[in-house]
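Asks: Place chain G on chain B using the hints.
Protein sequence lines correspond, in order, to chains B and G. So for the first sequence, the working numbering puts the first residue at 1; every next one is plus one. So for the second sequence, the working numbering puts the first residue at 380; every next one is plus one.
Incorrect hints may appear among the rest.
[To be verified] Each pair of labels, with its calculated beta carbon distance range:
#	chain 1	residue 1	chain 2	residue 2	range
1	G	Pro423	B	Pro174	32 to 42 Å
2	B	Leu123	G	Ala487	30 to 40 Å
3	B	Glu59	G	Ala514	48 to 58 Å
4	B	Leu112	G	Pro423	55 to 65 Å
5	G	Asp480	B	Gly153	46 to 56 Å
6	B	Asp151	G	Ala487	17 to 27 Å
7	B	Pro21	G	His396	47 to 57 Å
8	B	Pro174	G	Pro453	33 to 43 Å
9	B	Asp247	G	His396	37 to 47 Å
10	B	Gly313	G	Glu436	46 to 56 Å
11	G	Arg422	B	Glu59	32 to 42 Å
12	B	Asp48	G	Gly456	43 to 53 Å
13	G	Ala487	B	Arg191	15 to 25 Å
14	G	Arg443	B	Leu123	24 to 34 Å
It is worth saying that the hints were derived from the structure and are not from the lab. Backbone N, C-alpha and C fix where the C-beta goes; we use that ideal spot for every residue, glycine too.
Residues per chain are reported as follows:
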Amino acid sequence: MTPNSVAIVGAAETTELGRIPHLSQIALHADAGLNALADAGLTIRDVDGIATAGHNAVEVAHYLGVAPSWVDGTSVGGCSFMVHVRHAVAALEAGLCRTVLITHGESGRSKLGRYGPSIAPALFDQQFEQPYGVTAPPNRFTLPVLRKMKDDGLTEEQLAMVAVVQREWAAFHPRASFRDPITVEDVLTSRMIAWPFRLLMCCLVTDGGGALVLTTAERAKDFPTRPVYVRGVGEGAETPVVSQMKDFGSSAAFRTSGRLAFESAGIAHSDVDHLMIYDAFAHLPVYGLEDLGFVGRGEGGAFIAEGHTRPGGSLPLNTNGGGLSYMHSGMYGMYALQEGVRQMRGTSPAQVAGARISLVHGVGGMFAASGTVVLTNEA
Amino acid sequence: MSDPRRFIPVPTPETAHFWEGARQGELRLQRCDACGEAYFPPRPFCPDCGSREVRVERASGRARLYSYVINHLPASGFEAPYAIAVVELEEGPRMMSNILDCPQTPEALVLDMPLQVTFERLSDEISLPQFRPAAGDAA
Numbered sequence: 001m002t003p004n005s006v007a008i009v010g011a012a013e014t015t016e017l018g019r020i021p022h023l024s025q026i027a028l029h030a031d032a033g034l035n036a037l038a039d040a041g042l043t044i045r046d047v048d049g050i051a052t053a054g055h056n057a058v059e060v061a062h063y064l065g066v067a068p069s070w071v072d073g074t075s076v077g078g079c080s081f082m083v084h085v086r087h088a089v090a091a092l093e094a095g096l097c098r099t100v101l102i103t104h105g106e107s108g109r110s111k112l113g114r115y116g117p118s119i120a121p122a123l124f125d126q127q128f129e130q131p132y133g134v135t136a137p138p139n140r141f142t143l144p145v146l147r148k149m150k151d152d153g154l155t156e157e158q159l160a161m162v163a164v165v166q167r168e169w170a171a172f173h174p175r176a177s178f179r180d181p182i183t184v185e186d187v188l189t190s191r192m193i194a195w196p197f198r199l200l201m202c203c204l205v206t207d208g209g210g211a212l213v214l215t216t217a218e219r220a221k222d223f224p225t226r227p228v229y230v231r232g233v234g235e236g237a238e239t240p241v242v243s244q245m246k247d248f249g250s251s252a253a254f255r256t257s258g259r260l261a262f263e264s265a266g267i268a269h270s271d272v273d274h275l276m277i278y279d280a281f282a283h284l285p286v287y288g289l290e291d292l293g294f295v296g297r298g299e300g301g302a303f304i305a306e307g308h309t310r311p312g313g314s315l316p317l318n319t320n321g322g323g324l325s326y327m328h329s330g331m332y333g334m335y336a337l338q339e340g341v342r343q344m345r346g347t348s349p350a351q352v353a354g355a356r357i358s359l360v361h362g363v364g365g366m367f368a369a370s371g372t373v374v375l376t377n378e379a
Numbered sequence: 380m381s382d383p384r385r386f387i388p389v390p391t392p393e394t395a396h397f398w399e400g401a402r403q404g405e406l407r408l409q410r411c412d413a414c415g416e417a418y419f420p421p422r423p424f425c426p427d428c429g430s431r432e433v434r435v436e437r438a439s440g441r442a443r444l445y446s447y448v449i450n451h452l453p454a455s456g457f458e459a460p461y462a463i464a465v466v467e468l469e470e471g472p473r474m475m476s477n478i479l480d481c482p483q484t485p486e487a488l489v490l491d492m493p494l495q496v497t498f499e500r501l502s503d504e505i506s507l508p509q510f511r512p513a514a515g516d517a518a
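Isolated chain B, as found in the complex (with noise of 0.2 Å):
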């Protein structure tokens, strides 16, 4: 990709986050994607492209009344969004579409027109994982931890003090579903989830949306919001079972997806002044900083029990307050992106001021999949 060669030109969220409980999960697409395009001066007319994931592509292009031209059903867990964009500058540049809508809808607390659990016990994951108690991402997503822990020196300690710092950026936020304060004792005398995981290291269940309007650079300054532009992208994928993670200290799809950003950006990590780390647990944040190359193995959990990723901190750091404070549906990745998008236009109630460049990065399933999207104000 050549930086810089595609803008989001419109963003919003869901009208409402949290509990919505007289929408559809199809009616949350659709309300995001009509608020992104009123955010950017559109219509449905104007969108020839359409990407999203967990629903149907097809549904909901049919749903908006689009009939588009270019489609994009990627759908690898919670950073399909980073990788739809990803996706969608390689099809701007190459002409393929005009206008991208990426979408995201997901009832995921009020669990209204979504699919169901997919119980098939004869597909690969299934025979070697389900049989033995895995039941949910709480008890699944954090099998790797405890060996980190002992091989990297991570604590519990360092874990809560994720969740304390992400409480700290959530209070900036009106809509955030948790905004009080807690500290470490909170987060460690909380109810046990899946030892050594308790509850306020776990994200939260909420209803939502989001959507994004992809054009070319050229185009954007035509529209009323200020561009962010897509300076770098990168994806990754290792394993749909996380017991065949290679290295439970690191993920592998982590590691691609940011060097491939980092290098179609063309930048250093110094150059980065606002960082989001998709965190549907407390463990996600420092495997993030430390495969992206912000800081060494072994070095994370200090890196953010010491304050450098808290509000005044020197990496500012999901400072919509995450997943396990803003809100997380089930596909989390385009509450990063949003957040990324409002510090890069200048808008978030944590603004971090005068930040040029923010990286969002997305983990998919357990450790699965990712995406990597370096953005910037500067054409």
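Replies: The following block gives chain G in isolation, referenced to the frame of chain B:
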């Protein structure tokens, strides 16, 4: 005996040898004749080099406790809290397991402790490979 609340895996043609071995009380791995790597889960080619020249072999059944969580969430057919673990086999590959015949506590479940395979019968066709502390190391 079989618990109707447990999740019972269904073998596919490519994994049938593994489950047939487990039914007979044998833990089976595959090994590549081209590059020599042992691998799991089963498939008809080597995931390290892509060769289809692979064979089935009996694993020693010895492993070490590689990582785990102690799950407190309700799960059909399980009594929480219980450990969901990953074990590393002596031959190299890792697999998921519960840890049987051992208190489900951080104090008893020590990383790298030696383990031995055992088999949990779920149905007439399916016995699930499981691990427990190796003899002499039982808690």
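Asks: Each of the hints needs a verdict: does it hold here or not?
Replies: Each hint, compared with the structure:
1. Pro423(G) to Pro174(B): 32 to 42 Å: Violated: the Cβ-Cβ distance is about 56 Å, outside 32 to 42 Å.
2. Leu123(B) to Ala487(G): 30 to 40 Å: 33 Å, holds
3. Glu59(B) to Ala514(G): 48 to 58 Å: 57 Å, holds
4. Leu112(B) to Pro423(G): 55 to 65 Å: Once the Cβ atoms are compared, 43 Å apart, the range 55 to 65 Å for Pro423(G) and Leu112(B) is violated.
5. Asp480(G) to Gly153(B): 46 to 56 Å: 31 Å, violated
6. Asp151(B) to Ala487(G): 17 to 27 Å: The hinted range 17 to 27 Å holds for Asp151(B) and Ala487(G), with Cβ atoms some 21 Å apart.
7. Pro21(B) to His396(G): 47 to 57 Å: 50 Å Cβ-Cβ, so the 47 to 57 Å window holds.
8. Pro174(B) to Pro453(G): 33 to 43 Å: 35 Å, holds
9. Asp247(B) to His396(G): 37 to 47 Å: Distance hint for Asp247(B), His396(G) is violated at roughly 29 Å.
10. Gly313(B) to Glu436(G): 46 to 56 Å: 53 Å, holds
11. Arg422(G) to Glu59(B): 32 to 42 Å: Roughly 33 Å apart at Cβ, these two residues keep to the hinted range, so it holds.
12. Asp48(B) to Gly456(G): 43 to 53 Å: 50 Å, holds
13. Ala487(G) to Arg191(B): 15 to 25 Å: 22 Å, holds
14. Arg443(G) to Leu123(B): 24 to 34 Å: Cβ of Arg443(G) to Cβ of Leu123(B): about 28 Å, so the range 24 to 34 Å holds.
Comparing the model with each numbered hint stated earlier shows that hints 1, 4, 5 and 9 do not hold.
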